[in-house]
Amino acid sequence: MDGVEVEVREGVDRETIETVQAMSGKYKHGWETDIEMDYAPKGLSEDIVRLISSKNDEPQWMLDWRLAAYRRWVKMTEPTWAMVNYPTIDYQDQYYYAKPKSMAVKPKSLDEVDPKLLATYAKLGIPLKEQALLAGVETPEGERKVAVDAVFDSVSLGTTFKGELAKAGVIFCSISEAVREHPELVQKYIGSVVPPTDNFFATLNSAVFSDGSFVYIPPGTRCPMELSTYFRINAENTGQFERTLIICDRGAYVSYLEGCTAPKRDIPQLHAAVVEIVILEDAEVKYSTVQNWYPGDENGVGGIYNFVTKRADCREARAKVMWTQVETGSAITWKYPSCILRGDDSQGEFYSIAIANNAQQADTGTKMIHLGKRTKSRIVSKGISAGRAQNTYRGLVSMHPKATDSRNYTQCDSLLIGDKCGAHTVPYIEVKNNSSRVEHEATTSKVDEDQLFYCRSRGMDEEEAVALVVNGFCKDVLQALPMEFAMEAQALVAISLEGSVG
Amino acid sequence: MMLVQAKTDALTARSGALTVSGSGWLGAARRDAVARLAAMGLPTKRDEYWRYTDPASLTAATPTPAALFDAGDEAPAFDGIDAVKLVFVDGVFDPAQSDDPALAGVEITHLSQAEGVDIHWARDVYGVLETRGQTPVQRPLATLNTAYATQGFLIRATAKAAKPVSFLYQNRSTTSDALLHHCIKLEHGAELTLLESGPAAARITAVMEVEVADGARFHHIRSQGRDHERRAATHVFSRVGAGALFKSFTLTANGCLTRNEQIVELVGNDGVAHVAGAAVGDGIFHHDDTVFMTHEGQRCESRQVFKKVLMNGAVGVFQGKILVKQGAQKTDGYQISQSLLLDGDSQFLAKPELEIYADDVKCSHGSTSGAIDDTALFYLQSRGVPKRMAQSLLVLAFLAEAIGEIEDEAIAEDIRSRLEGWLQRHEH
Amino acid sequence: MLNIKNLHVKLEEEDKVILNGVDLSIGAGEVHAIMGPNGSGKSTLSYVLAGREGYTVTDGSALLEGEELLELEPEARAAAGLFLAFQYPVEIPGVGNMTFLRTAVNAQRKARGEEELSAGEFLKIVRAKAKTLQIDADMLKRPVNVGFSGGEKKRNEILQMAMLEPKMCILDETDSGLDVDAMKLVAEGVNALRDAGRSFLVITHYQRLLDHIKPDFVHIMAAGRIIKSGGPELALEVENNGYADLLAEAE
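Chains as they are written, first to last, in UniProt numbering: chain A, 1 to 502; chain B, 1 to 428; chain C, 1 to 251.
Okay, chain A solo, but in the shape it has when bound (with noise of 0.2 angstroms):
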């Protein structure tokens, strides 16, 4: 047994290295596609949120949830707590809705997809045939399934497996098509863990959401596979707006994937989705994410602003998030996956590995809001900056009077690489009953002289050193990682250092 957890973790860690000797380009991403497009006129208005909830074919009850999101965005001013910097977004200035103009019929299939789409998701290594995916290690169990919902800027175009996953009653579609098809699970519970209200740029999502996905497990289902979804941003001047909707039901269980991608362009992109995780008695839902943006130059010209609004919502007794990300992308990254834990025995996890290269900035950490009794949490947070980056970890943990007896654990580590970057750690802890208990640690440090002259000595040039040395002090995160995560995760946090040394 030993002999095959060495082999393949072997077989991982020397897949980064490969990954790393044979990209000799940067962002391997940044081609876009030629494709005609439909675009909703540039800037936001009532009439642009109409035009897209027309798009949609959407019912009377979900443009008016659009508009009253509207009407209170404009009220509200963008925030500014997060040590990011960015030129003002001129919010007139960007298209909301791009739609391949193949797609103004709605295909019935993956297979009446115009081919220079699916061409795309092919060179991302996304195949949207229905066969295991994600290329890489055969793992012990044999073959995987992964369900793909495929978003190319503002729509779906179409998800795999979908007939396989009805057999065992769970919904995969996109969140437009779950509009549609399944309003009273939508009309349930959109917005009911993000509200509307939330915040400005989830309460901008709220009026202007294009599509995104949607996910429903029955009660006491172990979802027979993966799923996934691929956002791929191509359109230019154009905002992405996704929104996700999962809904975990009583003992059911599912592991949802999220890749991310985009063409490189000089002008910054903006892109601001909402993730609502719904989970319910017993059951548990593990989410993961792979960030890889556009994160703009090696001078911060251009990239994707990503502003994202992630939540679950531990509703009942006993149910379980984790919460996996790996954040190599975008220019700017704002992003806090919470839990709620309200539930009584319920349990929260975040593990996050945020690599701010060049003249990249990420703020970006969790909230675990501890309401039920005898809850739990775990925060693993490693950040690296190199080049003139600033990367921030930023957290809550709060214990409520009535969460007695609950658990929280945090570690976070810095790691710099270079003495341009930054590296800040800026959690909040709050306390308010004695039976629970708390503990936070942190450090900061720059990347062991004596650990990298240990590996050259052995033979390893310097980059590979340092992607040695960071992907062991990014073990914790990687190992919370589905396997084939696991795999472009390592290759990318040596692809997102390359330059960073000498």
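These are calculated hints, taken from the structure and not from any lab test.
No false leads were mixed into what you were given.
A few chain A residues that face chain B, going by a derived Cβ cut-off under 7 angstroms, partial list only:
{"#": "1", "residue": "Leu416"}
{"#": "2", "residue": "Gly418"}
{"#": "3", "residue": "Asp419"}
{"#": "4", "residue": "His424"}
{"#": "5", "residue": "Tyr428"}
{"#": "6", "residue": "Ile429"}
{"#": "7", "residue": "Val431"}
{"#": "8", "residue": "Lys432"}
{"#": "9", "residue": "Asn434"}
{"#": "10", "residue": "Glu441"}
{"#": "11", "residue": "Ala442"}
{"#": "12", "residue": "Thr443"}
Here are some chain C residues the structure puts well away from chain A; computed CB gaps all over 10 angstroms:
{"#": "13", "residue": "His8"}
{"#": "14", "residue": "Pro37"}
{"#": "15", "residue": "Tyr55"}
{"#": "16", "residue": "Val57"}
{"#": "17", "residue": "Leu63"}
{"#": "18", "residue": "Ala128"}
{"#": "19", "residue": "Ser176"}
{"#": "20", "residue": "Glu188"}
{"#": "21", "residue": "Ala192"}
{"#": "22", "residue": "Asp195"}
{"#": "23", "residue": "Gly231"}
{"#": "24", "residue": "Pro232"}
Note that CB positions come from ideal geometry on N, CA and C, so glycine has one too.
Keeping the supplied structure of chain A fixed, place chains B and C upon it in accordance with the hints.
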């Protein structure tokens, strides 16, 4: 940006009865503070820096009346320590009760005596360190103090002082409202220990500015007095030179509101700054330690050690930051904030921050909150220690790391015995 | 194999001379030992040869099979066949010992234009070599040197040496912190690697390691220079009489 109206209103109310006095350098420094204050206003609870402590009673026009407190047969703090004692009653210096301020190698001057002088060393300290401490976070209560305080001492040490200087603050009025401003300057190689004790007033707003020149050593030990209803906002601004040492310890037992700010700048290479605090509170007790530690020099060491024991609804707050500026290589920064909640009503609210712009550093912070360790309690009991004693032992053990920051053993023992007395009086 | 000529080294950050004209020539297949009191520059010599930062070479050269080592990056020196067994092996949390070994082996193979080992081949070789050094599977799985005892760390160094098959091995105080049994085990590991194409430089304080790893030549180092060279009998002389006489003689 327009100042929030509430801030201006608070300032108008708070400063209504205060007047700027003095001529020469001191008057100029005060008028400068008035101008700076007008641009800031006073804090409100909506300020991020006052997230966990409501400043309303500190910014109100008049202090909330505070019942006088009888310490019973407990000896005053530092009673057995041989020191030059300077006594303040309700925030006003009382020469009759005080020692002759004569100490070899140390100049001690009351603020009022320095006012008429054209050239005074304190000109480079008074309001200067406070002004530096206003960025990146504003501390308007300190500026208010600089503008209006007329009581306080200017102390300059040029050599190693043979004994400590001790400020004793007595309170005899239920409505006293004190503003105290001290400036301390330690010249190259000098060494001084400063003691502070007592409640001072129903409401006190204090500022101490401490300039520790290269190679000098400064020790500050403070015991804030047991009056239950007093309110205090204190600020210590310090600038620590190359190879210099700055150490400050505060014991807070009781007091319905305490906000102790420590703003430390390590400007020279190889400097050392330790700030520590032990706070024990029972019932209406809100205690806030706010620390801002800036590393500018290389190879400096800083420690922040704060422990709080809380019961019956007492609230403990810790906001601590280590800022390491670009170029402050080889920084060794450490910060620990811990609370022991002896019952379910108490609260601990913390924001321990690191902000780091240099890579060759070793910085860490830890923060914990929880109840007394039942296993340890049982272990002690099973070895024959009565429960109450076992609890006291464990509480003292919990506080030990903070008290350990006091170098002088006699002073540390005084603090320890005060804590033991407090624990005996506050059974849990 | 290794030719060191007139090597002068000072600390990078202060004006402190550590090596003051070291001359040393080691032939293929030979085992040399360097002994000397604390602070004589023994460990510095090993670090300078391996390419650690913090030192400035002010004069002299060190050729490995005719190639100047001192101008190479540490990894290039390793690829050229130099191996330093560290006095204090470095702990690398999070990086598996196997991963580390495999990355190193393949990096060197690649640098030499050889084919990389497959996972299967590699595993087989490691297992075999680990067994003779009494390194169990658990030690291979744990992170590099983390939580290893002193003996385990040194055995791990020898395992790396066995896997990397260097030409020139430097053992820096490999006996420090080891009890007799652990030292024997390490020495056996080293002896198993001795052959006509591989040379050793054993740096040690004491004669006892040299009972187990028999040197062909012994050098005494003091104040940054080799003050006396001889055969194995020189080590015995030190063992019996200490360094004082030798130092006085050199004055």
